[in-house]
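Chemist: Protein chains in written order, with the UniProt record's numbering: chain X, 1 to 307; chain D, 1 to 307.
None of these hints come from the bench; they were simulated from the model.
Predicted model only: the values in this text are computed from it and were never measured.
There's no promise every hint is true.
In this list, chains with the same sequence are indistinguishable; a pair is considered to hold if it fits within one copy or across any two.
In silico DSSO-like links for lysine-lysine, alpha-carbon gap of 30 Å or less [claimed, not checked]: (1) Lys175 / Lys286; (2) Lys177 / Lys146; (3) Lys240 / Lys214; (4) Lys236 / Lys12; (5) Lys177 / Lys286; (6) Lys278 / Lys236.
There are 2 protein chains.
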Amino acid sequence: MNLNAIDSELLKTVADLHKIPRGAFNIRKNGQAVERRSSDHIQVIPKTDKPGIDIIVAPGTKNEAVHIPVLITLSGVVDVVYNTIEIGEGADVVVVAGCGIHNPGSERSQHDGIHEIIVRKGARMRYIEKHYGGGEGTGERVLNPKTILIMEEDSVVEMELTQIKGVDSTLRDTKAKLAKGANLTIVERLMTHGRQEAISDMLIELEGEGCSAKIISRSVARDDSKQVFRPVVVAKAPAKGHVECDSIIMDRGKISSSPAISAEHPEAQLTHEAAIGKIAQEQLMKLETLGLSEKEAEDVILRGFLQ
Amino acid sequence: MNLNAIDSELLKTVADLHKIPRGAFNIRKNGQAVERRSSDHIQVIPKTDKPGIDIIVAPGTKNEAVHIPVLITLSGVVDVVYNTIEIGEGADVVVVAGCGIHNPGSERSQHDGIHEIIVRKGARMRYIEKHYGGGEGTGERVLNPKTILIMEEDSVVEMELTQIKGVDSTLRDTKAKLAKGANLTIVERLMTHGRQEAISDMLIELEGEGCSAKIISRSVARDDSKQVFRPVVVAKAPAKGHVECDSIIMDRGKISSSPAISAEHPEAQLTHEAAIGKIAQEQLMKLETLGLSEKEAEDVILRGFLQ
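Please construct the entire structure, taking both the sequences and the accompanying hints into account.
Modeler: Here you go:
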């Protein structure tokens with residue numbers, strides 16, 4: 001496989017990959033599949049009707065990971081990809097699905113990843129998705145991830161969705177339906193700067209008895225950037241949901257947060273909390289008295305907040 | 001003034017009035033002014049261009065109240081009224097503005113009260129509004145209050161908005177703009193039962209430096225009733241806002257809560273919290289071990305919750 005220095009840097013940033021991974025993977029670059037590999041238990045199959053892949057994890061597969069990073073290193077690329085992921089009954093796997101755009105030119109480069117994920121009965125999935133934009137060009141770096149998650153009975157999913165930096169515009173759309181006993185945790189971390197804009201919509205439907213969801217959002221808006229959060233949790237069954245949005249605004253950043261909780265069953269228990277503010281002055285001062293500059297102190301606090 | 005037993009009962013329920021009040025008042029019944037009185041410092045003047053009154057509180061007026069209850073005792077009445085209230089600089093007054101509908105028949109009776117309230121520099125107002133529906137008829141009892149509040153520098157407003165019971169449909173719309181140093185507290189309490197529906201929209205704009213708003217909503221949805229809360233707090237200045245929604249659902253009641261906070265200034269501090277759930281079983285059991293029936297225990301808990 002032919003990866004240059006930029007490719008390697010992006011892979012490291014968005015998928016923690018320092019080299020071609022062991023096990024199953026698919027690497028997509030500038031709208032083309034660069035290389036893929038299936039393992040004994042995880043099949044990676046290109047779709048025939050549209051761009052994208054099917055990932056089929058065999059029932060009972062344990063302690064395996066599949067990496068499906070996407071790289072864009074050209075200016076003016078618009079890449080739309082449809083991935084379907086099926087985690088077989090009782091499996092326990094990690095899916096790493098990041099996207100990095102290095103835009104060297106003046107045209108917009110964009111990746112829209114539409115992921116349909118089915119987690120079968122009793123299966124567990126940890127899903128990690130990091131987004132990053134770089135490159136010296138003036139062209140926009142746009143990432144619009146759409147995730148549709150179906151969780152069957154007693155399945156467990158942890159999603160870590162992170163926008164590290166450098167993404168000019170993002171419209172994040174996450175939908176999940178939970179059956180009986182399913183358990184979902186989503187941790188979303190967004191950092192915007194410059195004139196970037198980020199919108200995150202979530203719709204979590206608690207449909208089965210005893211299922212539960214926890215949504216944690218942490219965000220930092222610096223410079224003139226803007227962020228909008230609209231997580232919605234609807235409980236149609238005796239189920240529990242909790243939404244937590246914490247945001248730091250700096251410079252002229254703007255953040256709007258409107259989590260909605262909706263109880264359509266009398267045994268539902270739903271809660272949410274949100275807070276938007278600047279970095280606590282006491283925290284800054286404490287670190288400055290330890291010898292850090294204001295800038296260093298801010299960085300330490302933001303790093304801790306986003307981790 | 002000619003008040004019958006039903007009128008007196010409604011007046012007591014919505015305005016805590018056991019007889020004609022001292023000081024300024026206006027009593028409106030079935031779309032007509034029944035009686036009004038101005039005081040030395042509070043003028044109550046009928047509008048000439050549309051139904052409603054102007055209430056002008058002289059600057060510096062202290063420890064006075066004005067009562068402006070509305071009664072509807074007929075079936076098939078649709079009463080729309082426009083009231084303008086101006087609280088003069090440095091005044092400190094109480095405004096009591098409730099509405100009671102006793103619908104004896106099968107047609108809908110409705111009151112839409114549009115209140116524009118200007119609270120001048122340094123003035124304080126406590127505003128109490130209770131809504132109640134009764135009567136043996138099958139006709140709907142509808143109450144749509146709209147309140148537009150302008151708060152000048154350093155003014156202080158406390159609003160207590162309560163829907164006691166018996167209101168079949170309500171669309172509550174509350175808007176407020178706060179200048180420098182202004183301080184607003186809104187406590188809204190809603191109880192719905194049967195097939196009732198309640199929607200409460202609020203838009204609170206924090207425009208001046210150092211102003212602050214606190215919105216507290218407590219609601220109970222019983223039987224097949226539905227409630228929707230959409231409080232929005234926007235901070236355009238170094239200001240503080242807090243929204244708190246606590247809801248109890250019983251039977252087949254449904255509640256949706258989506259407070260939005262939006263920080264458009266880096267020194268803004270906004271928070272919100274919401275919780276929807278049923279009555280805590282431990283609380284019920286504790287009261288039942290003290291000898292209360294389940295029904296009595298529920299009533300005690302709900303009463304406490306809504307007070």
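Chemist: Determine for every hint whether it applies to the structure shown.
Modeler: Hint check:
no., hint, verdict
1, Lys175 / Lys286, "neither (41 Å within a copy, 40 Å between copies)"
2, Lys177 / Lys146, "within (14 Å within a copy, 37 Å between copies)"
3, Lys240 / Lys214, "both (8 Å within a copy, 27 Å between copies)"
4, Lys236 / Lys12, "neither (41 Å within a copy, 40 Å between copies)"
5, Lys177 / Lys286, "neither (44 Å within a copy, 37 Å between copies)"
6, Lys278 / Lys236, "between (36 Å within a copy, 14 Å between copies)"
In this structure, the hints that do not hold are numbers 1, 4 and 5, in rising order.
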